[in-house]
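J.: Given only the sequences and the hints, what does the whole structure look like? Please build it.
Everything in the sequence shown is counted per our numbering, starting at 21 for the first residue and increasing by one.
Careful: at least some of the hints might be erroneous.
Stated by the list, open to error - What follows is a list of derived Cβ distance ranges for each label pair:
(1) P50 with E126: 24 to 30 Å
(2) K164 with V122: 56 to 62 Å
(3) G197 with E75: 46 to 52 Å
(4) R27 with P50: 36 to 42 Å
(5) T108 with A132: 23 to 29 Å
(6) R250 with S335: 31 to 37 Å
These are computed hints drawn from the structure, not numbers from a lab. Glycine included, each C-beta is placed from N, C-alpha and C at the ideal position.
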Amino acid sequence: MGYLRKRILQAIITLYAIVTLGFVLIRMMPGGPVDYLIGEILANPGQYGLPPDPELSEVQEVLDSRLNYTPGVPIHEQYINYMSALVTEGSLGQSVVIQPGVSNVEIILRRAPWTIFLSSVGLVYGLVASIIFGSTMAYYEGSKYDIGMTSAIIFTGAIPYYVFAILLVTYFSWDLGWFPRGGRVNPDSTPGLNYKFIAGVFEHAALPMISTILLGFAGNALGLRANSIRVLGEPFLRNARLRGLSSYTIATRYMARNAILPMYTGIVIGISSLLGGAVIIEQIFTYSGMGLLMYDAAIQRDFPLLTANLIIITSLYVIGTLLADFTYALVDPRAEQSSMG
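T.: See the structure below:
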């Protein structure tokens with residue numbers, strides 16, 4: 021219980037520090053919601069019902085009607101008001117630019133399922149591929165297969181995942197036209213449990229998923245290979261060979277299951293960190309999820325919405341770290357025995 025209290029206290033302090041720093045740094049960005057809206061109104065006055073050269077009073081009327089935000093308030097007062105509402109009411113505020121007056125939680129919840137779908141499917145496929153390749157590479161250590169796969173994985177891991185994403189969308193979407201150039205659903209389909217809609221969802225998510233798989237594949241595969249090599253001489257592997265099991269079964273079911281234990285914490289934390297990586301991937305593929313929403317909020321200086329995204333992603337990351345710490349003993353009983361000893 022002492023360890024539990026200590027870890028929870030550390031998590032609370034970490035979350036508070038990140039939220040505070042994020043709040044301050046976001047509001048120190050050049051410009052603000054008012055500056056962005058004024059620029060938009062002057063660039064496209066017709067969209068706001070104004071003449072080509074609007075007067076200052078007309079611009080102010082549009083700002084007053086669209087902006088539920090009081091400029092000029094000192095940052096320390098903004099911080100106190102924001103944290104008070106967050107702690108006492110659980111409120112993450114309202115959008116001031118993207119959807120003025122709409123709750124930030126409501127806006128994020130509309131996008132979150134798409135990012136969770138994209139990240140979770142990509143994570144599962146990436147882990148399965150890492151387990152298969154990492155364990156088989158270790159089992160055939162020193163072979164041409166091991167050397168070739170290790171070299172290929174190191175090469176692909178050295179290239180940033182967003183470079184792969186740009187290459188994928190350029191070649192397969194723009195050049196060949198095999199996949200959509202953006203979006204998340206087929207605009208001609210009817211939302212629901214029908215083939216055209218579901219097929220369109222997976223078709224639009226295919227390339228972003230491949231980029232998500234590459235996000236952690238190299239590190240996980242090489243890490244699993246290294247851990248698998250350490251257990252190659254264990255007695256249970258010799259017993260498995262004596263039972264006449266196939267090399268693939270020994271590598272994936274016996275060796276990989278034990279080798280993946282040291283990577284458990286990183287995998288659990290990686291689940292939450294995928295939401296942060298989605299910012300770049302969704303922007304490249306114009307995939308309307310939490311990542312693209314966070315990017316748009318930063319560009320349009322929607323400070324409350326940007327802060328709400330930061331708080332949610334940070335909270336998930338901290339919770340993932342806690343879950344990894346608290347559940348590791350359940351996954352590997354040796355850790356509990358070691359701590360009790």
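J.: The hint says 46 to 52 Å between G197 and E75; measuring C-beta to C-beta, is that right?
T.: holds, 48 Å
J.: Would you say the C-beta atoms of T108 and A132 sit inside 23 to 29 Å of each other?
T.: holds, 24 Å
J.: Taking 56 to 62 Å as the stated bounds, is the beta-carbon spacing between K164 and V122 within them?
T.: holds, 58 Å
J.: Regarding R27 and P50, is the given constraint of 36 to 42 Å on their beta-carbon distance met?
T.: This hint holds: roughly 38 Å between Cβ atoms.
J.: Given the hint of 24 to 30 Å, check if P50 and E126 actually sit that far apart at their C-beta atoms.
T.: Holds - the Cβ-Cβ distance for P50 and E126, about 28 Å, lies within 24 to 30 Å.
J.: Does 31 to 37 Å hold as the CB distance between R250 and S335, or does it fail?
T.: holds, 35 Å
Hint compliance for this structure: every hint is met.
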